[in-house]
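Chains S, F and X with the ligands: place on chain E using the hints.
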Amino acid sequence: MTFTNIIQNNARPGHYECTVIENRALSRRYYLLVLSRPREMTNPEPGTFVHLLVPDANRFYLRRPFSVLDCDDETISLLIVEKGEGTRIMRRIEKGRPIDIVGPLGSTFPKVPGKRVLALGGGVGLAPLYYYGVRREAKDCETYRLLYGARSREDLFVDGFDWALDGVSFSTDDGSHGFQGNIVEFAQHEFEQSQVDVIFSCGPNPMLKAAAEFADRVGVPHYVSLENRMACALGACRSCVVLTRNGAIRYRTVCNDGPVFDARELVWKELPQA
Amino acid sequence: MTFTNIIQNNARPGHYECTVIENRALSRRYYLLVLSRPREMTNPEPGTFVHLLVPDANRFYLRRPFSVLDCDDETISLLIVEKGEGTRIMRRIEKGRPIDIVGPLGSTFPKVPGKRVLALGGGVGLAPLYYYGVRREAKDCETYRLLYGARSREDLFVDGFDWALDGVSFSTDDGSHGFQGNIVEFAQHEFEQSQVDVIFSCGPNPMLKAAAEFADRVGVPHYVSLENRMACALGACRSCVVLTRNGAIRYRTVCNDGPVFDARELVWKELPQA
Amino acid sequence: MVTNNDISVTLGPVTFKNPVFIASGICGYGEEYSPLVPIEELGAVVTKTITVRSRLGNPPPRIHEVPTGALNSIGLENVGLEAYIRDKLPLLRDKRVGVIVSIAAEFEEEFVEVADKLAPLDGYKGLELNLSCPNVEEEALDHGRNPEFVERITRIVKERVPDRALLVKITPNVTDIGEVAKAAEAGGADGISAINTVVGVDFDLETGKPIFHRGSGGYSGPGILPIALQKVWEISRAVSIPIVGMGGISSVDDARKFFIAGATAIQVGTSLWVDPELTKNIIAALHEHPEYLGTGTAE
Amino acid sequence: MVTNNDISVTLGPVTFKNPVFIASGICGYGEEYSPLVPIEELGAVVTKTITVRSRLGNPPPRIHEVPTGALNSIGLENVGLEAYIRDKLPLLRDKRVGVIVSIAAEFEEEFVEVADKLAPLDGYKGLELNLSCPNVEEEALDHGRNPEFVERITRIVKERVPDRALLVKITPNVTDIGEVAKAAEAGGADGISAINTVVGVDFDLETGKPIFHRGSGGYSGPGILPIALQKVWEISRAVSIPIVGMGGISSVDDARKFFIAGATAIQVGTSLWVDPELTKNIIAALHEHPEYLGTGTAE
Ligand SMILES: Cc1cc2nc3c(=O)[nH]c(=O)nc-3n(C[C@H](O)[C@H](O)[C@H](O)COP(=O)(O)OP(=O)(O)OC[C@H]3O[C@@H](n4cnc5c(N)ncnc54)[C@H](O)[C@@H]3O)c2cc1C
Ligand SMILES: Cc1cc2nc3c(=O)[nH]c(=O)nc-3n(C[C@H](O)[C@H](O)[C@H](O)COP(=O)(O)OP(=O)(O)OC[C@H]3O[C@@H](n4cnc5c(N)ncnc54)[C@H](O)[C@@H]3O)c2cc1C
Ligand SMILES: Cc1cc2nc3c(=O)[nH]c(=O)nc-3n(C[C@H](O)[C@H](O)[C@H](O)COP(=O)(O)O)c2cc1C
Ligand SMILES: Cc1cc2nc3c(=O)[nH]c(=O)nc-3n(C[C@H](O)[C@H](O)[C@H](O)COP(=O)(O)O)c2cc1C
Ligand code: FES
Ligand code: FES
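Chains as they are written, first to last, in our numbering: chain E, 1 to 274; chain S, 1001 to 1274; chain F, 2001 to 2299; chain X, 3001 to 3299.
Isolated chain E (complex conformation) (with noise of 0.2 Å):
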């Protein structure tokens, strides 16, 4: 069974101004980002992401890409893990500033009616996943149930989400919360337990492996969200290749082609795990 062609990016991006709503630090590491969603903004979709400017910045900086967590008519969130200077300065930035967006970008997290989803979220990878749960209809899968990892207790939030999924369960590396293990042990562990139709999954490179490799052996679909350093995020500049084979060996882009691909068409080998 393939869903191959039924990732879609019919995303029609704008760049507008947003104002920040509320910018709360969720643990050492990650903020919960809430902007104010521009009224001409379309609607994301699950997978979909902000290409985001860094405010304040009297140097050049790119924008840095932050995948839809959750958005309503009002507001769009983000959750972000600080890594490097451009997520430290957005970490301090304070409510009612201006924040320049470019968005809703790139492809989405399939819809599959009827089937059983297993998601994977790993870290901030969490945020899309998040967003399909939330946002998904009947008619999008049959059931959808969403596994959340994290290096240990501290990094997970629990509280202040809604989790009004069909079933969300939580692995700590260090077994502070939840399953004991990473992400992949812990979805081989439930996979043993009840159907899986479907695999979504989005978290670093080396979870994202792991998970296609499991994918893999019990071969079943896996679509994977990636992350690449981008520019314009428009599939235009030909900056945030991965090398895919469908038939040929190609580079596509993981704004636009992507960031949600079918994990079978990735050349793995050729992405970095560090």
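One thing to keep in mind: the hints can contain errors.
[To be verified] Label-pair ranges, simulated between beta-carbon atoms:
#1 E/74 <-> S/1273: 55 to 61 Å
#2 X/3106 <-> F/2116: 37 to 43 Å
#3 S/1204 <-> F/2096: 50 to 56 Å
#4 F/2093 <-> E/219: 44 to 50 Å
#5 S/1072 <-> X/3106: 50 to 56 Å
#6 F/2290 <-> X/3213: 48 to 54 Å
#7 E/143 <-> X/3251: 49 to 55 Å
#8 X/3204 <-> S/1139: 44 to 50 Å
#9 S/1206 <-> X/3213: 17 to 23 Å
#10 F/2209 <-> S/1206: 45 to 51 Å
#11 F/2093 <-> E/185: 41 to 47 Å
[Unchecked claim] Dumping the calculated EDC-like pairs for lysine to aspartate or glutamate here, alpha-carbon to alpha-carbon at most 20 Å:
#12 X/3209 <-> S/1270
#13 S/1095 <-> S/1056
#14 X/3280 <-> S/1017
#15 X/3209 <-> F/2291
#16 S/1083 <-> X/3206
#17 E/95 <-> S/1017
#18 F/2209 <-> X/3291
#19 X/3209 <-> F/2254
#20 S/1083 <-> X/3065
#21 E/83 <-> F/2206
#22 E/83 <-> F/2204
#23 F/2209 <-> E/270
#24 E/83 <-> F/2253
#25 F/2209 <-> X/3253
#26 E/83 <-> X/3253
#27 X/3209 <-> F/2122
#28 X/3280 <-> S/1100
[Stated by the list, open to error] Output of the computed footprint for chain F on chain X, the stretches with three or more beta carbons under 8 Å from beta carbons of chain F:
#29 3070-3083
#30 3087-3093
#31 3198-3211
#32 3227-3236
Just so you know, the hints here were simulated from the structure itself, not pulled from any lab data. No residue lacks a Cβ here, since even glycine has one placed at the ideal position from N, Cα and C.
Below, chains S, F and X with the ligands without anything else, positioned relative to chain E:
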């Protein structure tokens, strides 16, 4: 009568981190920046300046020079006019924030025992002349009369300063406060009323040039504090030179040979008048 | 209130409605940037450089940010001449977009082939010979350093597309850029495009290796502005054909400096990623202040 | 707690206690920066380039800030060889400062004269031939673009100062910097210093004229870092003598990148104006992590 060679540079500069003690708007364009005085910093003489790093600067900024307006054991005060990006950023810097300075730097307005000084301060050019006035001892000069001119009332800071000088008078171009006319016209007027042995001046180049012509005409020695774009401020890079003639024509540095010069040594026609 | 002064510019046989273009490699084949930039309002889009055969390009990472700009190592990934003509060029035909097709090739015969195939087509106003791509394995693709070659190729292509604007894009990575520009002029170019990226490198402190697999990359963005202005100014004193200036433009003021340096038109690259309104703002400023043009050639 | 590993470096016949120098033109004749930088702790100070006769230099403005660095147009103002020997060199003699004397000249005979006059003196450890000053009227002072000249001059000078470290400072403004570096190596240089400033220009929008009277200036600071790393890396693959790398260093990490690119020592310039602790911090980092040295030559 000449005082050539009485201009000295005894500054022993250091590199310090200060704290903003106060940052107060004085008018639309002017503000007072009070910094904590570093314990080890030597006493700044009137005429000397500090070389200040624009804070929060992600991009490349050269340091900006500012004359010392006042100084006590605890604080150094600067009088700043918003001119470009650097002074705009500094205007917003909050109390308690660190500021990186090098100083004190440069030459001083000379001590002229027994002489009657007429000091002409235009705009922020007030700073070193005010400092000379409040700091001077009886042996430094006989009398010290300060004329302080600005475009209009709103750029004159008559309140909040300690005007305990032998006398300070004001002029405005538009006559909204004090004498109506430019400061050199005012000087001319004052000169006719009372005895003057020495003139000090600091302000925009066109004013300084007019003052120099006036001093020449009336045959009175004239010491002037110049501005120039600076890099090292230590006399090392030769960026900040002005053409001087004292016998030979040569370039001297505003940062280290100046900023205070004997006006008759300057080749005025080479000084930019914009 | 934007006044609508005529700010059209003429490059050889062709007039463009304004002198603000998007640089090659930034907007793909033209269409890709249209969600953010109304491309029909531009003077032109210069499409991604194409070669006779399609190219896979370099392995990622291909883009690297530094505090003063970006380094890239795309490696001329492109769909190839045939697919370009079949799939890409037609997309823009109905849109009244000013298209300049950027091409690169290794050998004289390839240039002839490209020019012959493009000559009879419509849907584009100009050709830009990219003789200056630093990011590729083949030394031959960087032959913009050799004046005789530049002159010969320019002549060969111009003969075949006499009714299009032929721009020759030259590299800043030479001792004397004026000499190369002169060669293009002698070959019959309608304009010089300058500059392409400056060769640069950055290293990963963790691994002790260059960021890019190929090592060096092309440096663009604000950090190259003083260099680009210098090169355009040098070229303007060496040739009398128009110059299309670029390199580090991130504001209306930056664009104005290129006109002062002697450019007739400008291209915007890297900074469009940051500010998608940049071309629009420059066009508006020029409509309002047509005197910004023709301020050229400060001596 | 700073550990005190040996981080001395050897350039030809001379050893310097550490590989962190101040670049020529930044610290005057050495003494001027001493209120802020304890110059005896440096590997060396390279003094302002001197010429046989004193030079007045260019009219101000001489320095211009851009968001990515600075442009300068000093024009080699200097006191001349005689005054330097008489007034400046002795100032540093007692201070146990590593001095490298930077010299420039127009003709072979002048190089001979300078070398002959300096050869018998003490108080300095090395000579740096500045064959790359872009800010002067005389084309001849920028003859670092000519490999034969570079080789000949290097040989002539080295013969006269066999016991000093002879560095040849070359210009980035050439097509092939490796070729020039090879010429210096062939002439017997003990090291290559690179890079000097990159030619650049900026314009005043009010007047429509260049900021500097001479027009162009030398671009330095953070914006040239990727270019400087590139040039040093190119040189390291062209020659086997040591390289003294510089251009845009504003942090310990920037300095480390030069060692990765193949430099044996580094010089700090423009950013010292902003951060007077920069050399001290780099030296401390190297004492703590001597492995930062000798990470050279990423392929
Ligand atoms: C489609 C997409 C969706 C994303 N969604 C989220 C999200 O929801 N939440 C979140 O926190 N992050 C997300 N990211 C990652 C986020 O964009 C980066 O963490 C961020 O750009 C880092 O910026 P910085 O300035 O803090 O770090 P930098 O200082 O730029 O970088 C820190 C380090 O990370 C590397 N790096 C930077 N960007 C990337 C990247 N995109 N991929 C891999 N390495 C990179 C740099 O090379 C550097 O080593 C997403 C990325 C993509 C492509
Ligand atoms: C010895 C000395 C003492 C000074 N004392 C004071 C003081 O007490 N109070 C005060 O407000 N200012 C003083 N200045 C001037 C002050 O240094 C500049 O106004 C300031 O550097 C401008 O910085 P900016 O970033 O706001 O402007 P920028 O954006 O850097 O510049 C704005 C404009 O001013 C020009 N400019 C910048 N610096 C100078 C300069 N030093 N001379 C001439 N033109 C310049 C620029 O070219 C530009 O056109 C002094 C200058 C010197 C040399
Ligand atoms: C990602 C990227 C890809 C580029 N690809 C091309 C190209 O295919 N052909 C070309 O002539 N120039 C190419 N360039 C160079 C630009 O057209 C332009 O000359 C250069 O980036 C300088 O302008 P900027 O500083 O405004 O970006 C590319 C630049 C970048 C950043
Ligand atoms: C104001 C100034 C003056 C300079 N004078 C000289 C000089 O006299 N001789 C020389 O070889 N290099 C000179 N240089 C170049 C520097 O030594 C150095 O090569 C260049 O600035 C790059 O380093 P940086 O980016 O760290 O400044 C000068 C640079 C500046 C900024
Ligand atoms: S970032 Fe430009 S193609 Fe993806
Ligand atoms: S600023 Fe360097 S000599 Fe004055």
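Taking the hints in turn, this is what the structure says about them:
{"no.": "1", "hint": "E/74 <-> S/1273: 55 to 61 Å", "result": "57 Å, holds"}
{"no.": "2", "hint": "X/3106 <-> F/2116: 37 to 43 Å", "result": "53 Å, violated"}
{"no.": "3", "hint": "S/1204 <-> F/2096: 50 to 56 Å", "result": "53 Å, holds"}
{"no.": "4", "hint": "F/2093 <-> E/219: 44 to 50 Å", "result": "47 Å, holds"}
{"no.": "5", "hint": "S/1072 <-> X/3106: 50 to 56 Å", "result": "55 Å, holds"}
{"no.": "6", "hint": "F/2290 <-> X/3213: 48 to 54 Å", "result": "29 Å, violated"}
{"no.": "7", "hint": "E/143 <-> X/3251: 49 to 55 Å", "result": "52 Å, holds"}
{"no.": "8", "hint": "X/3204 <-> S/1139: 44 to 50 Å", "result": "47 Å, holds"}
{"no.": "9", "hint": "S/1206 <-> X/3213: 17 to 23 Å", "result": "20 Å, holds"}
{"no.": "10", "hint": "F/2209 <-> S/1206: 45 to 51 Å", "result": "57 Å, violated"}
{"no.": "11", "hint": "F/2093 <-> E/185: 41 to 47 Å", "result": "55 Å, violated"}
{"no.": "12", "hint": "X/3209 <-> S/1270", "result": "18 Å, holds"}
{"no.": "13", "hint": "S/1095 <-> S/1056", "result": "14 Å, holds"}
{"no.": "14", "hint": "X/3280 <-> S/1017", "result": "17 Å, holds"}
{"no.": "15", "hint": "X/3209 <-> F/2291", "result": "15 Å, holds"}
{"no.": "16", "hint": "S/1083 <-> X/3206", "result": "16 Å, holds"}
{"no.": "17", "hint": "E/95 <-> S/1017", "result": "30 Å, violated"}
{"no.": "18", "hint": "F/2209 <-> X/3291", "result": "15 Å, holds"}
{"no.": "19", "hint": "X/3209 <-> F/2254", "result": "14 Å, holds"}
{"no.": "20", "hint": "S/1083 <-> X/3065", "result": "15 Å, holds"}
{"no.": "21", "hint": "E/83 <-> F/2206", "result": "16 Å, holds"}
{"no.": "22", "hint": "E/83 <-> F/2204", "result": "16 Å, holds"}
{"no.": "23", "hint": "F/2209 <-> E/270", "result": "18 Å, holds"}
{"no.": "24", "hint": "E/83 <-> F/2253", "result": "34 Å, violated"}
{"no.": "25", "hint": "F/2209 <-> X/3253", "result": "14 Å, holds"}
{"no.": "26", "hint": "E/83 <-> X/3253", "result": "18 Å, holds"}
{"no.": "27", "hint": "X/3209 <-> F/2122", "result": "41 Å, violated"}
{"no.": "28", "hint": "X/3280 <-> S/1100", "result": "17 Å, holds"}
{"no.": "29", "hint": "3070-3083", "result": "violated (count 1)"}
{"no.": "30", "hint": "3087-3093", "result": "violated (count 0)"}
{"no.": "31", "hint": "3198-3211", "result": "holds (count 10)"}
{"no.": "32", "hint": "3227-3236", "result": "holds (count 4)"}
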